[in-house]
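Chemist: Chains as they are written, first to last, in my numbering: chain A, 381 to 494; chain B, 3 to 112.
Just so you know, the hints here were simulated from the structure itself, not pulled from any lab data.
One or more of the hints may lead you astray.
Derived DMTMM-like pairs: lysine to aspartate or glutamate, alpha-carbon spacing no greater than 25 Å straight-line [unchecked claim]: (1) K437/A <-> E71/B; (2) K437/A <-> D4/B; (3) K42/B <-> D431/A; (4) K435/A <-> E17/B; (5) K39/B <-> E402/A; (6) K42/B <-> E436/A; (7) K42/B <-> D406/A; (8) K437/A <-> E57/B; (9) K450/A <-> D408/A; (10) K43/B <-> D408/A; (11) K43/B <-> D487/A; (12) K383/A <-> E57/B; (13) K393/A <-> D418/A; (14) K39/B <-> D487/A; (15) K43/B <-> E410/A; (16) K5/B <-> E57/B; (17) K58/B <-> E28/B; (18) K43/B <-> D406/A; (19) K39/B <-> D439/A; (20) K39/B <-> E410/A; (21) K42/B <-> E402/A; (22) K393/A <-> D431/A; (23) K42/B <-> E449/A.
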Amino acid sequence: DVKVTQSSRYLVKRTGEKVFLECVQDMDHENMFWYRQDPGLGLRLIYFSYDVKMKEKGDIPEGYSVSREKKERFSLILESASTNQTSMYLCASSLPFWSNQPQHFGDGTRLSIL
Amino acid sequence: EDKVVQSPLSLVVHEGDTVTLNCSYEVTNFRSLLWYKQEKKAPTFLFMLTSSGIEKKSGRLSSILDKKELSSILNITATQTGDSAIYLCAVEEGAQKLVFGQGTRLTINP
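Just chain B, same shape as in the assembly:
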């Protein structure tokens, strides 16, 4: 059975800290790995990763995929209260079927 596991499930840090969120997967037909950010409403797309070892960056956020270890990390540097959200990791299995992890609830305290 395809599986995506995120850790930690919950994380509380102070503003300005750097955080690393983890995602590991076991799927039979890997196509890509995606990260989404979910605040009160719709999950919003952050990154899509298909190649191992190539870092993708957007401002203070970055992510990298390790196909050998079947895992990915999402880094957020100099965190702000606006980064508080649930971060979702999903793996595209086959033709655009997404398998999601449980999500990591990140809380940034001022």
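So here's chain A without its partners, still in its complex pose:
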């Protein structure tokens, strides 16, 4: 079974802090994704990566950056956390699109910015 592991289930940080959210997958997937999930808005794509050291902006990249130094690990960085970044963050991974396989999700990190 695919395992996508996010480093923290719950995280509380202060406004202005630099925040790192970590995600690791164990299935050698090429693709990795970061979403945020807010009530009434569903999941929205922040950034994704097709390969090591490669990144693409999603629909809401402002205020975020990412890092993918190793294939199994994809980090989301909040450069200077703000209260409007309080949300549930979900990481996902998948094989390349031609495989016709779905994305697999981690359990999520509920981040609160005070």
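Using the hints provided, position chain B relative to the given structure of chain A.
Modeler: Relative to chain A, chain B alone:
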């Protein structure tokens, strides 16, 4: 702008009832439509639909895609309390970029 709309947003039924969840979409480069179930943790994959009119089934759950109407339905028969969850519809647009609907929160009362 690509858009996926689910209805209803919330649904409460009694155990044993049959429910139908709806998903409609407007995307420029459709590849597939996916359904996920989300309880307290990670969304778990249910179905991937690429061809119109072909029903996919898994136990009491089934789903079908209508490309002409740009929509899909997810049916759950003989519902159980364990079916209580948020059901997410997503459309794969282009090379594996998923656009999600708002989700349908389904509550099954015993």
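Chemist: Does each hint hold? Answer for all of them.
Modeler: Right, here's what the structure says about each hint:
A hinted pair counts as satisfied when its Cα atoms are at most 25 Å apart, and K437/A with E71/B does not qualify at roughly 30 Å. Among the hinted pairs, K437/A with D4/B is consistent with the structure: their alpha-carbon atoms are about 16 Å apart, no more than 25 Å. With a CA separation close to 30 Å, the supplied pair K42/B and D431/A exceeds the 25 Å bound. Using a Cα cut-off of 25 Å, the hinted pair K435/A and E17/B is violated, with the two alpha carbons roughly 45 Å apart.
For a cut-off of 25 Å, the pair hint linking K39/B to E402/A stands: about 23 Å separates their Cα positions. This hinted pair does not check out: K42/B and E436/A have alpha carbons roughly 29 Å apart, beyond 25 Å. Of the pairs offered as hints, the one joining K42/B and D406/A holds, with about 22 Å between alpha carbons and a cut-off of 25 Å not exceeded. Note on K437/A and E57/B: the hinted pairing is violated, with a Cα-Cα distance of about 34 Å set against a maximum of 25 Å.
Among the hinted pairs, K450/A with D408/A is consistent with the structure: their alpha-carbon atoms are about 10 Å apart, no more than 25 Å. The suggested pairing of K43/B with D408/A holds, with an alpha-carbon distance near 22 Å, which does not exceed 25 Å. For the given pair, K43/B sits about 5 Å from D487/A by alpha-carbon distance, which is consistent with the 25 Å threshold. About 28 Å separates the Cα atoms of K383/A and E57/B, which puts this hinted pair outside 25 Å; it is violated.
Between K393/A and D418/A, the direct Cα distance comes to roughly 18 Å. Compliance with the 25 Å bound is thereby established for this hinted pair. Proximity of K39/B to D487/A is assessed by CA-CA distance (about 13 Å); at most 25 Å being required, the pair is judged to hold. Restraint check for K43/B and E410/A: satisfied, since their Cα atoms lie roughly 23 Å apart, inside the 25 Å limit. For the suggested pair K5/B and E57/B, the alpha carbons sit about 23 Å apart, so the restraint of at most 25 Å is met.
Of the pairs offered as hints, the one joining K58/B and E28/B holds, with about 22 Å between alpha carbons and a cut-off of 25 Å not exceeded. Under the criterion of a C-alpha separation no larger than 25 Å, the hint pairing K43/B with D406/A is consistent with the structure, at around 18 Å. Using a Cα cut-off of 25 Å, the hinted pair K39/B and D439/A holds, with the two alpha carbons roughly 23 Å apart. Taken as a hint, the K39/B and E410/A pair is honoured in the structure, with Cα atoms around 24 Å apart against an allowance of 25 Å.
Between K42/B and E402/A the CA atoms are separated by roughly 20 Å; this keeps the pair inside 25 Å, and the hint holds. A distance of roughly 30 Å separates the Cα atoms of K393/A and D431/A; the hinted pair therefore is violated under the 25 Å criterion. This hinted pair does not check out: K42/B and E449/A have alpha carbons roughly 30 Å apart, beyond 25 Å.
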